[in-house]
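Residue numbers (our numbering), protein chains in the order written: chain H, 49 to 449; chain P, 1486 to 1592.
For the record, the hints were derived by calculation from the structure and aren't laboratory data.
Treat the hints with care, as some may be off.
[As the list claims (entries may be wrong)] With beta-carbon atoms standing in for the labels, derived distance ranges:
| hint | chain 1 | residue 1 | chain 2 | residue 2 | range |
| --- | --- | --- | --- | --- | --- |
| 1 | H | R345 | P | R1525 | 25 to 35 Å |
| 2 | H | E300 | P | D1497 | 33 to 43 Å |
| 3 | P | E1572 | H | K278 | 33 to 43 Å |
| 4 | P | F1545 | H | K313 | 16 to 26 Å |
| 5 | H | H417 | P | F1545 | 52 to 62 Å |
| 6 | H | A151 | P | D1548 | 15 to 25 Å |
| 7 | P | R1525 | H | K244 | 52 to 62 Å |
[Unchecked claim] Below, computed lysine-lysine pairings styled on BS3-like, alpha-carbon distance capped at 25 Å:
| hint | chain 1 | residue 1 | chain 2 | residue 2 |
| --- | --- | --- | --- | --- |
| 8 | P | K1515 | H | K61 |
| 9 | H | K240 | P | K1515 |
| 10 | H | K324 | H | K375 |
Just so it is clear, CB atoms sit at the ideal spot from N, CA and C, and this is done for glycine as well.
Take a look at the letters that make up each chain.
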Amino acid sequence: MRTDLRPKKWAAKYPELGTGPIPAEPCISPDYFELERERVFRRTWINVCRIDDLPKPGTYFVRDLVVCKTSLLIIRGTDDVIRAFHNVCSHRGNLVSPYESGACNTGLFCPFHNWRYNDRGELIGVPDEESFFDLDKKKHGLTPVTCDVWQGFVFVNLAPKPEQSLRAYLGGVGDQLEGCPFNDMPLFQTYKVEEKTNWKIALDAQNEIYHLPFQHPLLIGHTFLLNEQKHTRLLDVRLYERHTLWSCEFVEGYKLAPMETLLGKIDRGGEGLRIKQLVGKFDFYVLFPNMVIILFRGPAEDGFATYNFWPLAVDRTIWEIRYYFPKANHVGRRISQEFFKCLIRDVQQEDSIAHEALYTGLASRAKTHMIFQDEEITIRYFHKVLEDHVGYYRGAHAAAR
Amino acid sequence: MAAQALPAPFADLAPHGAWALEREAERTAKREASTVEDVRAFYDAVFPRMEAMVAHLERFPLDALREPERRLLWLALSVVEVSNLTERYRRREAIRAVSPLTYRSVQ
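Just chain P, with the same shape it has in the complex (with noise of 0.2 Å):
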């Protein structure tokens, strides 16, 4: 459970720690695979910290984070990736796209 640990101030997040996810595909994949309602009980529950979270990772070196760091860097990551969900489009129905999964990411 460790490996899973977000920073201390955070630990009250744990409960949306499946959104810590490394690369871009896997956090576009976990918006797709979720409700809308669950998506805004994340975007709710993490986006009022994300100026505390900042403030906390910009004590570190960006290219040095340790993993409880890495983490919570991941998880601001998939707030901005639900965003346009939750600020924009409200609705599933409001999306008029190709599927978000039929774009290759290279990184």
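Looking at chain H on its own, in the form it has when it is part of the complex (with noise of 0.2 Å):
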């Protein structure tokens, strides 16, 4: 164990970050949420999905960005390269995909009129063309976004000339996970699972380990680093320009459940792969604003989790969770992975009902704050940089702080 488990060390880490409560009208204001969309959403590099949502050239994935009001098409092209569009026809706007991914390599075809764009969103076919008036087909490709590609994940910015490259964006966490094998570990399961609740209450709930024993007493209560008070503690903690990272470590020698031991016994571990760059067992980054990447160590091999916590409204979210593991080798393996991720997904849905009860509660007004300890401090600095973006009480707020 490397944990140090006294009190009290990441604030003095970080002073200038302070102590005090946060306010809980970001979470519940529909204000802030417009607020949000224009100066968070539209403005910083959005993780939209994955190389595994493009298996090869020639196809393309959908991502409903309801916040910023529009749907774009990622396409990964004949040639390669990954471009992103607005999903939406120069003809009358229709969208021209209606599904959510497929295959592009003889175009694509909006299903209005059937006008067609080739890969790289030129417009190459216009219907009764010589009907027209005037028309270039030349200026009348899809909208372009801004796109760019970093490990494997594709991020889009909306701004019309973002302020960084995305490599700059990522900053500290890019220099951290540089060399990451996440290209080694392929896509197992992804879940969706629409939220009554803000999107930042939903991030926040998943952004420290302090609640694992009182949330989920019976599934991972025992699993997480604990002190003599059974309080869990964080082997570290790293403040970045935006982003942020938590690292814990596990019990060693915890109580294994029946299944946990059998699992013992079938599982020979496959290629064994090591992910170098974990500082503990679980590493939690957040990628502002609304990307989570999880490191954790498994018995046999490693792997990762992503969250993207989709905003829809002030009080509706989509959180989409997905794991990766190398592929599974034997049968052994395979059923490993399985109950690893039943374990979290159960774990998750648990922590779905907290989403949503947070949110009730705190839109209720009767708390104008939230109070946050020492080992939540990630939420706190995550506040601070999206009142940094947002500017909410910069403005005609500032009194209500």
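Put the complex together from the two separate chains, hints included.
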């Protein structure tokens, strides 16, 4: 065990952050949500998919970015370049692809009047073209969106001219995860769940381990490292320019459930993939604004997971959960991966009920502020970074903070 | 009936064949539609056989299982599916979570 079990280490590491309460209003305010659309989601780099969603050249993936009131087409061209466009036809604005994904090596056809685009977004076919007036197809390709790829993760930026490259935006997280073998861990499972909550409440609820012994007592309350009083302690916290990392360890020799004991016998391990970039045993990165990357150490092999919190409205969010494992090379490994997935899924179903209850409670306005302890410092920092972008309290609401 | 068969050494598990479901969403729905007593009866019958089931399945490449072996794997995955309920929660009343059916599984 490398974890320092003493309390109040992180505020000492980052004293400029303060220790006071945080206003609840941003989590329930429709006005704040409108500002987030413009000042956060239209100006920052947003992860929209992974290379797994574009399995070969000539395939596409559609991401409905409701918070930005648009639908995006992410195309891996036959030239193997990944480009992003608004999924909107130049003719009359219909959505070009009504599907979530597909092949486009013979082009994309708008279902309304069969206007045809190639895999670079160029307009290449218009039925009854001679009936149009001065139509220059070269000027009417799909509307491009700035797009870049980091370690197989595809990001877009809806700003007309992004202030920073993707790599500069990722900053220290990009340095820390340089060379991480993400591409050796294919997508294993995706879940989407729509919750009656604000996107930040859901993200905040995941962004700490203080709650584990209480919210998940029967599933994983005993798994993560605890001090003598049975409270969780983080191994490390790192606050980057916008993003954060917390890392923790597991309890060594905790009591195994019968299924876990069985897995110890039947899982011979795989190729033994290990992630050298792991700081602890469970590393939780928040990539501002709405993405999480989790790296974890497994008994036989490592893996990773991602979360994307998709705001639909101030009080509605889709939580997209994805697990990535090295491909199972034998049955015991496959069953072991299924077990881990089911365990974490059941934990997340306990989290979902909390996400909704938290929103209901805050929306009552019975409380004006939230109180965070030292081990919840990454949530405190997230709200600071968010407000730095939104500026709600810099303007007319300064007195309300 | 042949399409429903399990490998010969596990023919005695046929009464639990309804749990041999290919997709996770189907396994979850079956768990949710069953009483805890029914789930426990399935788990108690099949869990003790898991080691032998896996030993049998390990004789075949994972990507090319024959139909009876595929069904045996699905049966094992259903045991995994229900194990949190039988081993950790034990009672439905102990579950404080949203309905699993709200989780849209995309495989």
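Hints, verified against the model:
no., hint, verdict
1, H:R345 x P:R1525: 25 to 35 Å, "holds, 32 Å"
2, H:E300 x P:D1497: 33 to 43 Å, "holds, 40 Å"
3, P:E1572 x H:K278: 33 to 43 Å, "violated, 21 Å"
4, P:F1545 x H:K313: 16 to 26 Å, "holds, 19 Å"
5, H:H417 x P:F1545: 52 to 62 Å, "holds, 59 Å"
6, H:A151 x P:D1548: 15 to 25 Å, "holds, 23 Å"
7, P:R1525 x H:K244: 52 to 62 Å, "violated, 33 Å"
8, P:K1515 x H:K61, "violated, 50 Å"
9, H:K240 x P:K1515, "holds, 20 Å"
10, H:K324 x H:K375, "holds, 18 Å"
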